[in-house]
Amino acid sequence: MAGAAFPLWLSIRVALVSTLFVAAIGIPAGYLLAGKNFRGKEVLDAALTMPLVLPPTVAGYFLIVIFGRFGLLGQYIYSICGFNIMFTWYAAALASFVVAFPLMIRTARAAVESVDLKFVNASRLLGHGELATALKVVLPLARKSILAGVILSFARGIGEFGATLMLAGNIPGKTQTMPLAIYTAAAGGDWKSAEYMVILFTLLSGVALYAANKLTRKSA
Amino acid sequence: MKGISVNLFKKVHGFTLDVGWQSAEGITVIFGHSGSGKSTTLDMIAGFQLPDSGAITVNDKKLFESASGLNIPVKKRGLGYVSQDPALFPHMSVRQNIAYGHPKLDKASLKRTTDEMLHVFGVEKLEHSRPAQISGGQKKRVALARALIGQPAALLLDEPFSGLDHPSRAGFGKLLIEIREKFGIPVLMVTHNAAEAMELAGKVIVYSNGKIEIAGEPREVFAALSGQTAHRPPTLGSLSRSTHRRSS
Numbered sequence: 000m001a002g003a004a005f006p007l008w009l010s011i012r013v014a015l016v017s018t019l020f021v022a023a024i025g026i027p028a029g030y031l032l033a034g035k036n037f038r039g040k041e042v043l044d045a046a047l048t049m050p051l052v053l054p055p056t057v058a059g060y061f062l063i064v065i066f067g068r069f070g071l072l073g074q075y076i077y078s079i080c081g082f083n084i085m086f087t088w089y090a091a092a093l094a095s096f097v098v099a100f101p102l103m104i105r106t107a108r109a110a111v112e113s114v115d116l117k118f119v120n121a122s123r124l125l126g127h128g129e130l131a132t133a134l135k136v137v138l139p140l141a142r143k144s145i146l147a148g149v150i151l152s153f154a155r156g157i158g159e160f161g162a163t164l165m166l167a168g169n170i171p172g173k174t175q176t177m178p179l180a181i182y183t184a185a186a187g188g189d190w191k192s193a194e195y196m197v198i199l200f201t202l203l204s205g206v207a208l209y210a211a212n213k214l215t216r217k218s219a
Numbered sequence: 000m001k002g003i004s005v006n007l008f009k010k011v012h013g014f015t016l017d018v019g020w021q022s023a024e025g026i027t028v029i030f031g032h033s034g035s036g037k038s039t040t041l042d043m044i045a046g047f048q049l050p051d052s053g054a055i056t057v058n059d060k061k062l063f064e065s066a067s068g069l070n071i072p073v074k075k076r077g078l079g080y081v082s083q084d085p086a087l088f089p090h091m092s093v094r095q096n097i098a099y100g101h102p103k104l105d106k107a108s109l110k111r112t113t114d115e116m117l118h119v120f121g122v123e124k125l126e127h128s129r130p131a132q133i134s135g136g137q138k139k140r141v142a143l144a145r146a147l148i149g150q151p152a153a154l155l156l157d158e159p160f161s162g163l164d165h166p167s168r169a170g171f172g173k174l175l176i177e178i179r180e181k182f183g184i185p186v187l188m189v190t191h192n193a194a195e196a197m198e199l200a201g202k203v204i205v206y207s208n209g210k211i212e213i214a215g216e217p218r219e220v221f222a223a224l225s226g227q228t229a230h231r232p233p234t235l236g237s238l239s240r241s242t243h244r245r246s247s
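As given, the protein sequences belong to chains A and B, one line each in that order. Numbered by numbering that gives the first Met the number 0, the letters in the first sequence go through residues 0 to 219 in order. Numbered by numbering that gives the first Met the number 0, the letters in the second sequence go through residues 0 to 247 in order.
It should be emphasised that the hints constitute simulated quantities derived from the structure, not laboratory data. Keep in mind that this is a model prediction, so the values were computed, not measured. Quick reminder that beta carbons are idealized off the backbone N, C-alpha and C, glycines included. Hints are supplied without guarantee of correctness; some may be wrong.
[What the hints assert, rightly or not] When the alpha-carbon atoms are kept at most 20 Å apart in a straight line, the in silico SDA-like pairs for lysine to any residue are as follows:
no., chain 1, residue 1, chain 2, residue 2
1, B, Lys74, A, Gly128
2, B, Lys173, B, His118
3, B, Lys75, A, Asn120
4, A, Lys135, B, Glu126
5, A, Lys117, B, Lys61
6, A, Lys135, B, Ser67
7, B, Lys75, A, Phe118
8, A, Lys135, B, Lys60
9, B, Lys103, A, Leu130
10, A, Lys35, B, Gln48
11, B, Lys74, A, Leu130
12, B, Lys74, A, Val119
13, A, Lys117, B, Lys60
14, B, Lys60, A, Gly126
15, B, Lys106, A, Ala131
16, A, Lys117, B, Pro72
[Said to hold, decoys possible] Some but not every residue of chain A turned toward chain B, in silico, with C-beta under 10 Å:
no., residue
17, Cys80
18, Asn120
19, Lys135
Please take these sequences and the hints and turn them into a complete structure.
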């Protein structure tokens, strides 16, 4: 099934890029939400995790409003560098990022909160600052749960459909990820291709969930 | 002057802690029942809890003073603290745990100092073990080594004998006396075990309901507590005067 090769490759590429950013921003954000008390903390948490409960098409709509050619930020990006993210694979990565980010932030926050305060206190008493305590004590102790969060974010990102369709479109050979290709194949009556891609995708998601569960159990 | 001096007042959830004392030569023991404010005192000296008012001084260095708003952060207090649970980092080996206690040393000096601490505390053979692989007594030794490697200004011990069996307790008591002599720093220990207090203390401060009931040399204190002496338990004022006389 040569037709599945590009969507599969694009989906993996999109999910890898989005997961990279999700981890790089989501882990520190989850850490801050877990360890710091500040005004508006729960409001910020709710805003950051909103895409978890919003329909992906609503998330996609917001993304168009923000990053579209005439969007709140998009117009400035276009006027500065002449780049419009709409209907590019970057848009698919951005859509994946937005829907996967809440999972990462929730998992990272819970993982950091689960680290016993006695270890944090011991580190501080031994003369270590916040950064050293975070890097050498808290994150290593929370690593398995955080890694499970990274895997779950990857799985969520690779399966993204609604927001991707709205922001990146469904252009074969350019922005058509695997979920979009499955939709196109099924809608066009090409059940054999759809079935092949569904099996492939189910296996991929199953492996990711198995790995995440195993890591979570080990860290408990 | 080497020693710990505190004046602490704190009200929390209907409990009031209102104490003032100075440590003496040797090991100072805070003795009392659970909930009398012993561990809260240690937490305040370490900086984990803030008094409502008062002052904390260790070796003439002020760590906290409500009047001037001084409050040295936990990481800069330079105190060693070993709690009931040694809180060894489970992802680090024994050697890594001890070395973590001295964040400011360069690599070569840290290795040399860690080797020395492993030897002093008799845990050289366990250096590559993880905390989960060693006994309760060994954990306490490692926790002590980790607390002392950075040459703290004072050592705080919260029920250090808890979880140890009888033979380990005897060995650990001896180790605490050796530590006090070798490192020459004030040692403040919290316990609710009278035998430990009698054996180790240079001075015993008895807490009851957040107040000092009596303080002084262990023999006098426990005699007074068991009603063997006829005299009235001394007041805090007379105690600080007698402590002053003894230390001068």
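Hint by hint, which ones does the structure fall short of? 5, 6, 8, 13, 17
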